[in-house]
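Below are the chains, spelled out letter by letter.
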Amino acid sequence: MKNNKNAPKSLGALFNKSDTIIAILLALIIGFLWFETTKFEKVPDLFSNNIPPEMFPQILLIIILGMVLIIPFEHIFLKKNGKDIDSSRINSVEFSTIGTMFILSAIIASSQVLGAALTIIAVSISLPIYWGERRLKVLISYVIGFPLFVIVLFNIILGVHFEPGLLELIKN
Amino acid sequence: MEDIIKGIGLLLEFQNILLILSGVLIGVLVGALPGLSSPMAIALLIPFTISLDPVAAIAMMAALYCAGTFGGSITAILINAPGAPPAVATALDGYPMAKNGEPGRALGLAAVSSVFGGIFSLIIFIFAAPLLAKLALEFGPAEYFGLAVFALSMLASMSGKSSLRNLISGLVGVLIGTIGIHLTTGVERFTFDIPDLEEGIHFVPVLIGLFAVSELFKQSEKLNAVVERIQAKALRLPTLFELKKLKYTILRSSGIGTFIGILPAEGSTVAAIIGYNEARRWSKDKDNFGKGSPEGIVGPEAANNAAAGGAMVPTLALGIPGSGSTALILAALIMHGFRPGPYLISETPEFVYAIFGAMLIANLGFLFIGLVGAKFFSLVAFIPKKLLWPAVFIFSMIGSYSFASSMFDVWVMLAAGLAGYFMDRHGFSAAPLVMGLILGKLVEESFSQSMIIHDNNFFALLESPVVLLFFVLTFLSLSSPFWTRYFSKK
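Chains as they are written, first to last, in my numbering: chain A, 1 to 172; chain B, 173 to 662.
Check each hint, because a few of them may be wrong.
[Stated by the list, open to error] Derived, one-sided and incomplete: chain A residues facing chain B with beta-carbon distance under 10 angstroms: (1) Lys-17; (2) Ile-64; (3) Arg-89.
By construction, these hints were calculated from the structure, which means they are not laboratory data.
These numbers were taken from a predicted model, which means no experiment stands behind them.
Positions of the beta carbon are idealized from the N, C-alpha and C atoms, including for glycine.
From just these sequences and the hints, can you work out the full model?
As structure tokens, this is what we get:
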């Protein structure tokens, strides 16, 4: 038997760990969505022209599932083509990125209370400071100048409606 | 001829010219800023152009698209950081030439070859689009279904690490397109009793999330990256003698770029890489490649700009996007109430010619802007990321919200941004998802109509030679990784 250099050395090497987890997650989501399609309202065949509303999504889900099942082994084919699927995920997600996600989610969650103008100011202050901008003059001119520019451009010139939020309470 | 004059007439209004030139300026700016891209800028622009006249809105986006492709080469040449993916190949010889003390010459070669590639593809566009549309007018639902399946299969070969993951992304996009009320039966699908989902997911917040917000998360990982800049005082146009020496490379790359652009889903990046490889293969001075070869600059630049014009052909003639950016232009056309495809050309040819005119102006516009503003554009790459990206996020929020005055859309934008970030980490590209989302309606509608016509007999579709041809092309496209490897070994 020929010794194939590309052959995986053990059964574990057949599977890429991260991709296996992704495939399981995607398969679970597909299972859930399939279950959802079974709950679509039933329509008489005559009305639906024999194309029930769940038919097309179910076809898509089956095809996607078929492809998802290949994902754990795909790294073997990719390696043969000189591609490393793990290169972009060798390092875990940086703390600064997780923090950024958290800050932006919190700002969006509170934007209905804050109103548009204060939300814009909140983004202009929080992100640069969180990312390490410490030049006070730059920060102050940015925090005043940029929101002002945005409000003038979008609210006054382009007529985009900005929710007043907290500012209305203060005004009253 | 009358339609061409009408189309040009539509463009010649002062407001339209101003918007086209703004599109060029924004395009060169975002192209020159690493991380920002023309698809991202188009996505951000869509909600603000909804209230504009359709000609002005689409012309502005088309101009931005052309100029963005060129803008990416400025930073590729001066700081070895391609502002946009299509400029990746330009950096290979552009940066060494700039380092050798000729940054102005490198920028000049890039600008002139870009203009040539762009104009070449527009000439092809003006002839090919009406012909293709005339052919497509004969298409029924089955043929459209075949075409859409072929276009989806082409997503596999879009740039990215994995063909399989590109296809999954594309199909997930089609699946997202099924959310909302089913048009034929009125049944709610995947709405989870959320009223905002009844209308389906709006394109705009998804596009903004995938292109702008996910990039913000990526950029938050490299806030302190230091780049070395080469000073460029001005752009230096190549001499006639130099152009004569390079004419075959420019012509060849323009042809390659236009052809690749016309193929559904193949974008400027693929065109630029092939343009570069072909320039090297045909060069008499192969050893100079990677050290500042002029052919190494004009090859990819002519190709990537020609692909931009080429990609507009299937977008306007068939309603099938030729690239990520044209998928966004397609979305904008739909939002302005147009039905992209053969009827667009047969019923409103002047509109298509107006877009052609806008792209022509854009090509000449970025040459002029490049000539006078090379020094300025080389500086914009140094805007601190810590201030630039919060601004991008604010524009993203306003863009997503203002489209339907809905906070739900802002959450969709954030969700799409998070999904885009994690997808990218694991090798799933965002562009195929967007194209799937935009093609989704066409795929389902044409599938349902063909099934009704053929009494639910799928194999009856194959009786049409056009459908058969598209299915054969789909098979060839999906199996291409295997047969290309086989032939390359031979």
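These are the hints, each one checked on the structure:
Checking A/Lys-17 against chain B: minimum C-beta separation of about 12 angstroms lies over 10 angstroms; hint violated. With 10 angstroms as the threshold, the beta carbon of A/Ile-64 comes within range of chain B, its nearest partner Cβ sitting at about 5 angstroms, so the hint holds. For the restraint placing A/Arg-89 at the interface with chain B, the shortest Cβ-Cβ distance is roughly 5 angstroms, inside the 10 angstroms limit, so the hint holds.
In terms of the numbered hints stated before, the structure departs from hint 1 and from no other.
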